[in-house]
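Single-letter residue listing:
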Amino acid sequence: MTSESDARDQLIDLAADFYDQFADGTIPEMELPTRTKSNIQYDTESGVWTYGDRTSTRSANSVRGARKLLKAAYTIEFLANQLDEDRSSTLRELYYLSESWDNDEAQFSSQDESNDLVEDLEIVTGVTREDFHMRPEESGATLMGPLLIREQTRRGEREIHCQEDVGAGGYQIPNNPDMIEFLDDDIDFALAVETGGMRDRLVENGFDEAYNCLVIHLKGQPARATRRITKRVHDELDVPIAVFADGDPWSYRIYGSVAYGSIKSAHLSKYLATPEAQFVGIQPEDIVEYDLPADPLADSDINALESELEDPRFQTDYWEEQIELQLDIGKKSEQQSLASRGLDFVTDTYLPERLDTMGVL
Amino acid sequence: MTSFQSTIGDEEGIAEELAEGQREISIAEFFEKNKHMLGFDSGARGLVTAVKEAVDNALDATEEAGVLPDIYIEIEEVGDYYRLVIEDNGPGITKEQLPKVFGKLLYGSRFHAREQSRGQQGIGISAAVLYSQLTSGQPAKITSRPKGQSRAQYFELIIDTDTNEPEIKADEETTWDRPHGTRIELEMEANMRARQQLHDYVKHTAVVNPHARIELREPGLDEPLKFERATNDLPAETEEIRPHPHGVELGALIKMLEATESYSLSGFLQEEFTRVGKKTSESVIDNFRDVYYGRELAWAPPKAHGDRDVAAAVAEAVANKGKAATTAFSEGVAETVGSNDRLCRAELATIVENVAETVAADTGKTFGGTVRENAVDAAWRAITGTGDDDADESDADDADESPLVPDAYAVVDEATSTRKDDATVQAMADALARRFENLDGDAFRVTLDGLERLVADAATFVGEQHEATFGETARENVVEAFWSRARTVPDDPPKVSAIAGDRDAAADLLEAMRSTDILAPPTDCLAPITAELVEAGLRKEYDADFYAAATRDAEVHGGDPFIVEAGIAYGGEIPAEGSVELLRFANRVPLVYQRGACATTDVIKQIGWRNYGLDQPGGSGLPNGPAVISIHVASTNVPFTSESKDALANVPAIEDEIELAVREAARDLKSYLSKRRSMQQRREKQDVLGRILPEMADKVSEVTGRPRPDIDGALARIMNNVSVEREQNGETVTLVVENHSDVTENLDITDIVSVEPTDLSDGTVVDMDGEWFVQWKPEVPSGDERELTYTIDGDADFEVSVGGVETEKLTVNA
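Chains B and L supply the protein sequences, listed in that same order. The first sequence maps to residues 1 to 361 in my numbering. The second sequence maps to residues 1 to 814 in my numbering.
Think of the hints as simulated: they come from the structure by calculation, not from any bench. Hints are supplied without guarantee of correctness; some may be wrong.
Straight-line distance between alpha carbons at most 20 Å, and here's what the computed EDC-like set of lysine to aspartate or glutamate pairs gives [stated by the list, open to error]:
| no. | chain 1 | residue 1 | chain 2 | residue 2 |
| --- | --- | --- | --- | --- |
| 1 | B | K68 | L | E684 |
| 2 | B | K68 | L | E695 |
| 3 | L | K685 | B | D104 |
| 4 | L | K685 | B | E105 |
One chain only, chain B, in its complex shape (with noise of 0.2 Å):
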């Protein structure tokens, strides 16, 4: 956690930075590491994967980057204000924001630039987006499961018990996770779900009750805050993590990034990535044994994996086995395709017998 005028300070050097070169005559640039696979690097000692020493440089030298670093004094001094007045804004608000400023140049084209632009300021002041008050949209992902927490609101601490306290839908993890506080739980495991039907069928069937587990719903590719409040609940309340997702390349790349970090925002790896957590499935080895309904492969889910066997992230004996499996039977499974089974067959047969072979239950 970094204080709010801490965060200022951060920003407001890197302005003073841009101000410096240009009153020393050089050309003002920021430099950043590289974010892409080729340059993330295992880190042994916390065991996520971080980027690694090469750089990128964004220099006012050329007219792209010239714009960017311009719109990143604009931004600086948006995001400056905001903690000075202690509010708090989405990131999709800030792209809509920059129509406001003054300078045609300074405005965003899309959100993807201005969320990039928000992680570049992150790593080069070694501040999390958090801290800047930048909020992303509700994710809406949920806890369930025997945890008792309080949260920091806008309107007082409230306790909440991630079961008893709230409907089926569960307990909603807020943006900022940091502002829980784990009181009492009774959780053997965190089961993180990717889909929401899956994540339904799971409390339906009362698998939460029955095993004492916190299933926490992935709601696709996790949000930062999602991702957060897993290792928390892994790091805290010391339980094992499983990951449940799709059979397909898209989904390991959820596994990859609840538990390797994200290439995206390795910069923040250690804060966010929970490298204990394990892959429930589904595996292509379970299409196999369980005669799965499967879809062919597409080209780009054949691409995706062959783009995997190169991501260092996967450079495991386990993963390397999986996915040059997947690539040999060319097929892929959903979560739900255990349904073929019937309603029952997830909560009673697949999981008890996948998560004791794996050692959680």
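Assemble the complex: chain B is given as a structure, and chain L must be docked to it using the hints.
Positioned in the frame of chain B, the structure of chain L alone reads:
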């Protein structure tokens, strides 16, 4: 067919009759039949052609006289006809020449000369006269005033179409305001539909003759078109040259052989051809000997103590010369022979000759002609082992193997690859030796063609008998091996008169001439416009942003030297739409018609213009864009596709040079365009950055709460710029010049100061009515800086101007 045959056979003298009939075709009929070839196929075109011919003549006449051409062209409507008037300031034409020059088809001084000139056939202007006469019935009206004469001569001239003879209808003295020159007036049936071509022709003539002043009046013009002179230098005078040995054809060669006064072939070659001196003529004659007589195959002399003994053979052939002389002679011959690797019969004869002389001098015994001949025969038999003497008989036991085989085997083995097995080589040597023995005479004389046939024949034989392939390469190698080991014969070449009378010998001579390396013909017979003037011509008539030109070195095609020049103008007022304008010139004459059939067009179309920065849809064909490409081919004999001289024929040697010339000029265009493009990008970048960076600077100063930083240094660095910045510290004024570009910049900086500057660091100061001009010319290497200082007393106004660097690259803050 049979019926014709019989008819022809029946009537005697039909050929004579036909020939007579041909002679009776009148010149008018000839013209009528050939007018398309001569450029008079329509009224519109006839007018352009007549102008063209008259102007070409006028330019040639003035240049020959060393006068800067001043040409006046006027076209008027006269009832149903058009009247064409062309005036020049040439030397005029004498009364005697005049009817001939203007009146008789195929009269002209240039047809036989090898010299660059506009007209070549002498058909042009007389065809125009005839065309006017045939269409309007009016005579040509010619006024001529030779230099220095007080009055001019006026003629009316018609051509008698029956006899092809000019007739002078009027011949009187007149006055004319030009001090000298020629005026021709033709009336003809015509129209002005080809006005554009006419204008093009005149304009292009002006482009390619920058030394000429031309004025055109025609009914469609309110103002006369005037083309002024761009240079006062006449084109270099051209020299007439003799034909080049590589440029004659058989018929021409035979004519030359018949006409020459030289007696010997060597004399003929040196007298009648350019670039042939004693040495070259010897090479030609040696080559001729090889073609005409063939070479003599050379053989290795027998090893000492072998079966065949040269000394013994020679001694035996000599009688009654006494023992001492005979031994000296026979051993002398044997020794000299033995010192040769291989030798031919002619060489042996020389050896015998020399040894005979030496021995005669030493011993006083004369070895006469018969003795020498016998000695040569005997020694030759001993060397080759062939012939009807004992050696032959002793060899007869060896399964009648030819005595030439071992030698032939050595040559074949060396000439063929190691993969050939020994049996094949042996068989080949065997077959060859047998064939060599069958050659006429005992000197083994064979021409290269004969040798090739012989080897091919032997190879076929070996192939059939031994199922071994003796491929083309192997055959060629074997031929080459024997040919290079054969010797040119010493026989004198036939006399010129003999060759002239022998078509085959003449063909051999031609082959020998062509196969001899001979220096390219001299080029002083050509008058290129020069790259400089090609550019000046374009500059004069096209208002463009960029000009480039290239002149190639002279090359030769078929013995005629030629030079290709190319020029390119780009941008400016040249219309950007559609394809580029292509100007074609041959010997300074614009080619107006048949663009599509012209070699120049073909070459331009196949060049990849996108490489040179021009738009070329589909990557081939005429490029698009605001450009003019001009191509000039100067030659003693420009190959046209037809008599009307509208299009260059596709001669590969000329096409290659055209391409090289155009590419040379196009390379300059490319670097200009890419520089222009990068300047444009630089300007755009400068515009954008010039807007963004101050805003960024404002923003960071706002955020940090500091005053606005000075960003010029950063800007100059970003733009790879040269920045000039003024710093004033009390009385000291400093101009800091920083060079951020990647090349050394030579600047020219002038600072205008309102008070007198002193203590200049370097540079000069000039007082101009109370303003002081301080000048520096600093050289600043890439990445370096210079400080230029001076001192002033009190306040001053400054105004700095910086030259020597493109404004796009310059940031001045002073």
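### Task
Take the C-alpha atoms of K68 (chain B) and E684 (chain L), compute the straight-line distance between them, and say whether it is at most 20 Å.
holds, 17 Å
### Message
Need the status of pair K685 (chain L), E105 (chain B): alpha-carbon distance at most 20 Å?
### Response
holds, 14 Å
### Query
Going straight from one Cα to the other, do K685 (chain L) and D104 (chain B) come out at no more than 20 Å?
Within the cut-off at roughly 17 Å; holds.
### Message
Tell me if the straight-line CA distance from K68 (chain B) to E695 (chain L) falls inside 20 Å.
### Response
holds, 12 Å
No hint from the list above goes unmet by this structure.
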